[in-house]
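There are 4 protein chains.
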Amino acid sequence: MDELIQATGLHEECGVFGIYDKTGETDMVSAVYSALYALQHRGQESCGIALNVDGVLSGHRDLGLVSEVFTKRVLEDLPRGAKMATGHVRYATAGQRVRNNAQPMILHHCKGAMAVCHNGNLVNAAKLRRKLEMSGSIFHGTSDTEVIAYLLTQNRLLTPNIEMAVSRTMDDIEGAYSLVIMTHTKLIAARDPHGFRPLCIGALPDGAGYVFASESCALDAVGAAFVRDVRPGEVVIADHDGLRSIDTHCDTAPHTICVFEYIYFARPDSYIEGTCVHDARLQAGRFLAQEHPVEADVVIGVPDSGLDAALGYAEESGIPYGVGFIKNKYVGRTFIQGSQAQRESSVRIKLNVISSTVKDKRVVLIDDSIVRGTTSARIIQLLRDAGAKEVHFFVSAPPFTHPCYFGTDIPDQKLLVATGRTLEEINEIIGADTLGYLSVEHVKQLGIHSHCDYCTGCFTGEYPVAPPTETMDIVYDKPLSQSGTGKVL
Amino acid sequence: MDELIQATGLHEECGVFGIYDKTGETDMVSAVYSALYALQHRGQESCGIALNVDGVLSGHRDLGLVSEVFTKRVLEDLPRGAKMATGHVRYATAGQRVRNNAQPMILHHCKGAMAVCHNGNLVNAAKLRRKLEMSGSIFHGTSDTEVIAYLLTQNRLLTPNIEMAVSRTMDDIEGAYSLVIMTHTKLIAARDPHGFRPLCIGALPDGAGYVFASESCALDAVGAAFVRDVRPGEVVIADHDGLRSIDTHCDTAPHTICVFEYIYFARPDSYIEGTCVHDARLQAGRFLAQEHPVEADVVIGVPDSGLDAALGYAEESGIPYGVGFIKNKYVGRTFIQGSQAQRESSVRIKLNVISSTVKDKRVVLIDDSIVRGTTSARIIQLLRDAGAKEVHFFVSAPPFTHPCYFGTDIPDQKLLVATGRTLEEINEIIGADTLGYLSVEHVKQLGIHSHCDYCTGCFTGEYPVAPPTETMDIVYDKPLSQSGTGKVL
Amino acid sequence: MDELIQATGLHEECGVFGIYDKTGETDMVSAVYSALYALQHRGQESCGIALNVDGVLSGHRDLGLVSEVFTKRVLEDLPRGAKMATGHVRYATAGQRVRNNAQPMILHHCKGAMAVCHNGNLVNAAKLRRKLEMSGSIFHGTSDTEVIAYLLTQNRLLTPNIEMAVSRTMDDIEGAYSLVIMTHTKLIAARDPHGFRPLCIGALPDGAGYVFASESCALDAVGAAFVRDVRPGEVVIADHDGLRSIDTHCDTAPHTICVFEYIYFARPDSYIEGTCVHDARLQAGRFLAQEHPVEADVVIGVPDSGLDAALGYAEESGIPYGVGFIKNKYVGRTFIQGSQAQRESSVRIKLNVISSTVKDKRVVLIDDSIVRGTTSARIIQLLRDAGAKEVHFFVSAPPFTHPCYFGTDIPDQKLLVATGRTLEEINEIIGADTLGYLSVEHVKQLGIHSHCDYCTGCFTGEYPVAPPTETMDIVYDKPLSQSGTGKVL
Amino acid sequence: MDELIQATGLHEECGVFGIYDKTGETDMVSAVYSALYALQHRGQESCGIALNVDGVLSGHRDLGLVSEVFTKRVLEDLPRGAKMATGHVRYATAGQRVRNNAQPMILHHCKGAMAVCHNGNLVNAAKLRRKLEMSGSIFHGTSDTEVIAYLLTQNRLLTPNIEMAVSRTMDDIEGAYSLVIMTHTKLIAARDPHGFRPLCIGALPDGAGYVFASESCALDAVGAAFVRDVRPGEVVIADHDGLRSIDTHCDTAPHTICVFEYIYFARPDSYIEGTCVHDARLQAGRFLAQEHPVEADVVIGVPDSGLDAALGYAEESGIPYGVGFIKNKYVGRTFIQGSQAQRESSVRIKLNVISSTVKDKRVVLIDDSIVRGTTSARIIQLLRDAGAKEVHFFVSAPPFTHPCYFGTDIPDQKLLVATGRTLEEINEIIGADTLGYLSVEHVKQLGIHSHCDYCTGCFTGEYPVAPPTETMDIVYDKPLSQSGTGKVL
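Protein chains in written order, with the numbering used here: chain H, 1 to 489; chain G, 1 to 489; chain R, 1 to 489; chain Y, 1 to 489.
Please note that the accuracy of each hint is not assured.
Repeated chains share a single entry, so a pair holds when one copy, or any two copies, can fit it.
Mimicking DSS-like on lysine-lysine, the simulated pairs with C-alpha atoms at most 27 angstroms apart in a straight line are [what the hints assert, rightly or not]:
| hint | residue 1 | residue 2 |
| --- | --- | --- |
| 1 | K414 | K72 |
| 2 | K327 | K111 |
| 3 | K131 | K72 |
| 4 | K72 | K444 |
| 5 | K127 | K329 |
| 6 | K359 | K414 |
| 7 | K72 | K329 |
| 8 | K359 | K72 |
| 9 | K359 | K444 |
| 10 | K359 | K389 |
| 11 | K127 | K22 |
| 12 | K127 | K111 |
| 13 | K131 | K327 |
| 14 | K329 | K414 |
| 15 | K329 | K131 |
| 16 | K22 | K111 |
| 17 | K127 | K72 |
| 18 | K131 | K389 |
| 19 | K389 | K327 |
The set of hints was computed from the structure by calculation and includes no laboratory data.
Hey, can you work out the whole structure from these sequences and the hints?
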């Protein structure tokens with residue numbers, strides 16, 4: 001489901017970015033701005049940039065898309081001359097919740113200032129926060145990031161440098177995290193030992209410096225060359241002396257990257273753990289064709305997220321690939337008023353069938369996921385209205401039925417169409433002639449890389465790390481947790 | 001060239017829309033809003049909605065996209081209960097000029113009020129305007145539409161009804177026009193005898209009423225069924241008695257529809273003169289493959305406008321179709337500061353190569369047009385940087401070299417890369433291994449419909465109607481023409 | 001009643017301004033901007049600036065205050081180098097009506113372009129407009145100004161120059177008008193033969209040029225010296241040759257300036273017809289003290305509009321002048337939600353009593369008008385709540401009971417507290433110990449200048465010019481008149 | 001100097017407000033909104049509201065005026081049903097500095113959540129912060145308020161309730177502070193033992209609850225009755241059981257209220273320590289007349305801040321009081337471009353002389369302060385240009401020459417005209433015929449209340465509390481202090 005088509009689907013939590021150029025020749029504001037544009041798909045709720053000019057940290061962050069937050073005036077007001085910078089995007093508002101945790105978070109502590117960017121979710125955040133509060137700490141928001149910041153600060157008091165503090169903090173925190181931390185003099189990247197979320201290293205031309213980013217597409221956006229992924233459990237430090245690594249937490253846990261990064265979240269042009277995301281999706285389509293062969297006249301994908309797998313299915317099956325839909329590229333935030341009938345037509349504003357492609361045809365329709373099922377049902381109805389004789393609907397992922405504790409915002413299980421329903425029951429809602437999902441076995445072969453495994457918890461309920469026994473929402477009584485959701489406070 | 005990728009390309013002038021529901025059951029505000037969204041690709045500079053509630057005309061129009069102009073608050077402020085409405089989108093700002101001619105234009109005259117929507121360009125507007133001014137008329141703006149409105153008004157004084165006034169006005173005006181006019185009681189569509197610009201008729205369900213729109217995709221957006229195209233020279237009236245037609249101007253000139261509607265302007269899901277635009281583009285790709293066969297490993301298109309023809313090329317040539325680029329779907333109005341190097345990277349923000357598709361491959365690259373050549377050159381360079389061994393660049397239209405006088409905003413001839421250059425000279429700028437255009441002969445066969453011909457003036461310099469001997473800019477001295485370009489005045 | 005305190009009081013229609021500097025040394029944008037600030041009290045609904053750079057007219061106008069419409073960005077976008085410019089402010093929105101007639105109106109006609117600024121109301125506008133429409137004219141809005149523009153244009157065809165066209169147009173139009181008209185080469189001021197609305201002439205230093213303005217405070221704002229008022233019926237032309245006058249319409253009617261200019265509309269620092277407005281208000285207070293002597297301890301005024309008359313009353317009566325209220329200077333456009341009780345407190349947000357001034361005192365309270373009576377009643381209650389023993393309320397104008405046809409927007413007669421009520425009945429609503437108005441006889445002596453008389457039609461129902469027998473609203477049926485009230489159309 | 005006339009004058013730090021209504025009948029959003037409007041003069045940089053709905057704290061705060069931050073939409077989004085609320089306004093941006101410390105600050109700690117509002121300045125903030133950081137605390141901003149919040153939190157861990165934590169915190173902090181603190185169940189006010197800044201208690205009607213506010217004008221705005229001032233050193237608790245007081249810090253230091261509250265900061269209708277501010281200013285004018293008698297024809301004040309003292313001078317001297325200036329009430333944030341000459345005219349936009357009042361007169365001009373002298377010089381020149389024969393300029397305060405460490409933002413000493421200059425030297429810059437200041441002796445008699453003394457440190461350099469030996473700016477090196485000044489971060 002493309003997030004422009006289905007507003008209440010899955011959400012990635014965040015994208016992080018950091019850049020260090022010892023020569024000072026890179027226009028840091030433009031670079032982070034370009035990188036955040038490239039990472040915008042990882043989070044549309046808020047974004048921010050932090051800059052380090054001669055050791056002074058400052059920046060800007062706000063709710064909104066990069067293009068909305070970083071207006072011409074805001075960009076002009078940002079300081080020039082930085083040699084280091086970080087940026088962050090956060091996920092889109094999930095209806096009732098508005099969070100107050102825009103990043104990078106700039107903090108002052110005994111050793112100076114620090115900007116923290118975080119992608120992921122800790123499973124022991126609530127426990128750590130309760131402990132910190134019992135020793136007198138105060139919290140401005142409700143995010144894990146503030147917990148990490150406190151631990152970094154307190155560990156910094158006990159260690160000779162920030163990288164040691166990062167490493168020691170990794171002893172305390174459990175779960176998924178890809179961090180980029182900027183201090184007066186250093187830019188540091190760290191990734192949890194399971195490597196749930198991607199994080200990679202790029203090099204600026206002519207040895208000028210280094211870049212850290214959630215996805216390699218952000219390296220391309222700033223003209224940096226891909227070097228390698230940050231290893232699970234690794235701490236990488238970029239400073240005036242170049243790049244160093246601390247690997248004390250490496251190989252302490254199985255590498256279980258989130259499979260949804262390949263299926264859904266990441267941009268097709270990114271490489272994660274050696275595999276191009278576009279290729280993984282083509283492969284998912286090929287596997288689908290093997291698992292669900294069907295007689296048909298044309299294979300189409302739901303734009304944009306189903307197109308790659310549709311091409312793979314067409315290639316494997318020999319059925320011609322066609323363009324079945326036109327997506328309205330101007331639809332951003334529509335406001336449709338009025339009757340239920342009118343609201344139902346909102347899919348029609350965003351998506352229209354190219355009837356000449358499907359009329360009187362047996363159609364194979366490919367998408368990458370079904371969330372609530374209502375949008376899929378409408379799309380299939382659109383095809384039938386346009387004259388499709390048959391609609392065979394295949395999904396390039398297994399049905400997801402369990403919550404994610406590692407950085408993906410999946411709607412409540414009760415809203416997921418696959419929860420507690422058989423394939424037949426799901427299809428009664430969807431209304432396809434045939435409905436098929438990709439098997440978990442095939443999904444695990446997408447990356448074709450032997451050196452790491454996948455977390456498929458959302459499909460199987462089996463998680464690499466024990467899920468939290470308490471959430472922030474439970475630990476902190478209603479007053480507390482809600483009080484953090486004020487728009488600006 | 002997709003307009004999100006190349007800001008200074010070709011521009012369609014406008015999209016028009018009108019709807020009449022005698023039952024009053026359609027939510028007119030939502031309907032026009034949805035239709036304008038579907039027509040947004042025809043004009044991004046300004047838009048407007050006019051409503052007729054019990055014979056009272058009112059509305060809202062402003063500079064900006066539909067989503068920008070029609071905010072929640074503006075939509076709520078629009079009157080409810082209309083049985084008739086019109087809407088309009090205008091083309092994107094071409095650099096230095098900001099025009100003050102947002103539509104629908106609501107005017108008061110002796111017989112009441114009237115809302116006028118216009119797509120096209122008159123060739124005798126300057127002459128008509130001078131004549132009107134000499135008899136005491138005053139003009140608030142510089143558009144042809146105001147000239148048409150005066151003629152309608154004056155002819156209305158001499159004729160028993162508005163449709164006769166429209167017909168008589170068509171005696172006076174020459175050139176390209178698709179009009180939608182709303183009065184107290186009638187909704188009228190009219191199309192010039194050459195049928196330069198598309199205009200079609202739809203029917204609301206259950207005989208509730210009728211819809212006029214520049215493209216059939218707007219009918220789909222409001223749930224109307226396609227009835228037929230308005231015939232060149234026809235005047236169609238929708239009112240309480242149903243649909244009537246005046247055909248006195250039909251068949252008075254050859255039907256010469258603008259070929260660029262198929263190649264570039266119209267949405268792929270629209271049907272124009274019986275041909276699906278997507279099919280015409282697939283066909284363009286097939287013709288390209290016939291004209292320019294080449295040994296290659298993959299066919300890719302420049303998103304989004306070159307994708308259809310790329311698929312057609314792949315189909316005809318047997319070379320596999322691939323996805324070569326990812327287009328950043330969040331890029332709207334970027335603001336890139338800084339150095340020349342940085343500005344050059346703006347293509348990289350909008351477009352990134354999926355390197356696994358092209359690396360070490362011989363690539364066929366398809367686009368629908370080359371305007372200045374600079375963007376094409378950069379895109380080819382991106383492919384080479386990503387490891388493409390060869391890049392064969394084919395364009396699904398002939399080189400355009402002449403101005404358009406019928407509603408397309410083509411940059412000054414001096415800026416067009418094809419003007420005065422041989423194919424080889426163009427390719428020196430573009431940098432492809434092979435460069436090829438679609439022939440004019442093939443372009444004329446795209447619609448596969450015998451009942452009409454194409455205007456190919458921009459490729460050949462041969463126009464169906466004599467171009468104007470004077471433009472508005474020439475007739476009215478600099479002070480006058482410029483004084484109309486103030487942003488709001 | 002200060003308009004910040006009572007949102008639904010009286011409204012001046014407009015303020016006009018024009019400036020011509022043959023040396024080109026005045027920064028025209030800054031000058032008009034400053035002048036409009038000085039005239040802002042004459043109209044808060046919309047404003048605009050038109051500039052003439054080498055004969056080219058352009059500008060900007062919009063709904064809002066000068067500070068809102070002319071943002072830094074808008075000011076920077078206006079062209080530099082003008083030698084001539086005009087500006088205009090229009091009155092504040094009166095509840096349900098939003099008008100579409102922002103000025104200066106820039107128009108194109110056979111002889112070039114023209115910017116028109118108008119303050120006043122024609123009594124024969126409806127008749128003239130109907131006649132123009134019957135000959136084929138079209139109207140974009142509903143204002144008198146568009147009627148005047150048509151007449152100017154048509155008369156321009158019949159006369160050798162614009163000033164003759166202005167003079168001839170004055171033969172046709174009846175009622176109140178102060179006009180400033182800018183053409184390619186001339187700046188022209190004209191005032192109706194009755195001189196209802198003020199209009200004065202200023203001179204730039206060193207003979208550089210001339211200024212026309214509704215009030216002399218705008219001359220001060222641009223550093224121009226006051227020369228004289230434009231005479232009733234006079235046409236004054238400023239161009240490269242200096243200043244010329246056409247007096248053919250002078251002395252054709254009695255000079256009957258609107259008395260409310262002195263009492264309410266004009267700024268205290270302006271001079272109108274030789275009298276300082278502040279002095280006229282002091283005098284009104286002195287007259288009030290003569291008409292309504294009372295035993296009291298302190299005289300206070302309702303800020304800001306009642307303060308001058310309160311000082312005059314104190315001076316004449318010998319009762320000490322005190323500061324009774326503090327007006328919140330930050331209150332602009334408040335938005336008070338909630339209960340009726342809360343809404344009633346909106347006066348309390350804007351105005352608070354300085355209780356030490358009035359506690360246990362017999363208070364004389366002065367204001368310049370009572371419109372609906374509700375605000376006056378609340379203010380008196382505030383004083384009693386603060387401990388005032390007695391409140392004697394005197395108004396520095398007679399009760400107004402009749403409509404104005406000459407440029408003042410008085411609420412519907414049914415809403416006026418004085419309509420059809422005796423003094424006692426009014427005071428039952430107001431709740432003062434004593435209530436008194438200034439007599440019509442005294443109001444006529446405010447200017448102390450023998451050369452002109454006052455229009456006191458709103459107090460007496462006797463008008464210098466016969467009121468219109470039909471209004472725009474009547475002539476044009478509801479559809480037509482309403483269709484002009486769309487926010488932007 | 002009115003802050004609308006002189007943008008770079010003195011600035012109050014803040015205004016605080018809290019309200020508790022056990023009945024829940026007060027519309028809390030409207031109440032705080034009204035109160036912040038009444039306190040807007042105490043701070044124009046930022047503002048905020050915090051609400052307590054059933055123990056849940058939430059709110060909104062941002063840069064801007066109350067009318068800008070609390071738009072209709074923001075107000076509608078705030079939760080309803082609160083029984084407790086606090087509000088805060090902060091001072092206007094002083095040029096280069098933009099601070100990130102909007103309040104109320106909502107914080108989470110081990111015992112729940114807490115909203116903190118603070119007016120004042122601690123002299124030992126830097127020392128306390130350094131100590132906190134050394135034990136692992138992190139800071140998001142640079143304000144004293146965050147230091148106070150940490151101390152409250154840590155003391156809360158050691159004490160049985162919040163009021164004890166407040167009291168214990170008062171052992172640690174030194175300087176000026178008026179605090180309003182809201183927890184889940186209590187609203188608490190506290191004032192430093194010197195009582196530098198005002199803070200008063202009001203009662204809602206019918207015993208429904210209590211209000212705390214910096215000034216009594218905010219009580220009037222919400223319809224609360226004045227009860228008394230919070231005593232220096234007192235902690236007052238409002239909760240479901242009513243009002244309680246802790247007086248352990250009372251009478252531990254001399255009461256030295258800031259004299260500038262009477263002269264400049266507070267609103268004339270407020271009562272502080274039993275004295276009406278308006279009366280204090282009248283008295284200052286009377287003292288001025290005693291100290292600086294002069295032969296003159298009229299006494300005028302610089303609006304708005306000099307008007308009260310001018311009236312007092314007139315009363316004492318017997319010289320008539322006149323209105324010398326009209327202040328443009330529409331001038332908010334002007335943007336004047338262009339030449340130096342034009343910029344100098346900015347005073348003329350804001351202020352114009354009523355020439356009839358001063359022409360050919362000997363004028364006494366009263367203002368409440370001179371900061372840089374440039375504005376005063378221009379105002380005197382305006383009077384001379386308008387024909388004043390003599391201008392005798394008296395200031396209703398002593399020359400201020402020393403910094404304030406207790407909550408007033410005085411420009412750098414180098415910018416103060418009185419620093420290091422004799423009266424004659426100052427007058428060479430000002431250009432009056434006579435220049436006189438109010439003596440320190442008289443200023444100390446303004447309140448006429450024996451129970452407290454004044455802090456006159458800014459006039460004398462003698463402070464009731466030893467000034468800080470280090471400022472935040474010094475303690476925290478440049479990187480740290482600057483990194484907190486980012487606009488949003």
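Okay, the hints, checked on the actual structure:
| no. | hint | in the structure |
| --- | --- | --- |
| 1 | K414 <-> K72 | neither (43 angstroms within a copy, 31 angstroms between copies) |
| 2 | K327 <-> K111 | neither (51 angstroms within a copy, 43 angstroms between copies) |
| 3 | K131 <-> K72 | neither (43 angstroms within a copy, 41 angstroms between copies) |
| 4 | K72 <-> K444 | neither (44 angstroms within a copy, 45 angstroms between copies) |
| 5 | K127 <-> K329 | neither (45 angstroms within a copy, 39 angstroms between copies) |
| 6 | K359 <-> K414 | neither (36 angstroms within a copy, 45 angstroms between copies) |
| 7 | K72 <-> K329 | both (23 angstroms within a copy, 20 angstroms between copies) |
| 8 | K359 <-> K72 | neither (47 angstroms within a copy, 37 angstroms between copies) |
| 9 | K359 <-> K444 | between (36 angstroms within a copy, 26 angstroms between copies) |
| 10 | K359 <-> K389 | within (7 angstroms within a copy, 39 angstroms between copies) |
| 11 | K127 <-> K22 | neither (40 angstroms within a copy, 35 angstroms between copies) |
| 12 | K127 <-> K111 | both (26 angstroms within a copy, 15 angstroms between copies) |
| 13 | K131 <-> K327 | neither (50 angstroms within a copy, 46 angstroms between copies) |
| 14 | K329 <-> K414 | neither (32 angstroms within a copy, 31 angstroms between copies) |
| 15 | K329 <-> K131 | neither (49 angstroms within a copy, 43 angstroms between copies) |
| 16 | K22 <-> K111 | within (22 angstroms within a copy, 46 angstroms between copies) |
| 17 | K127 <-> K72 | neither (42 angstroms within a copy, 40 angstroms between copies) |
| 18 | K131 <-> K389 | neither (62 angstroms within a copy, 59 angstroms between copies) |
| 19 | K389 <-> K327 | within (22 angstroms within a copy, 32 angstroms between copies) |
Comparing the model with each numbered hint stated earlier shows that hints 1, 2, 3, 4, 5, 6, 8, 11, 13, 14, 15, 17 and 18 do not hold.
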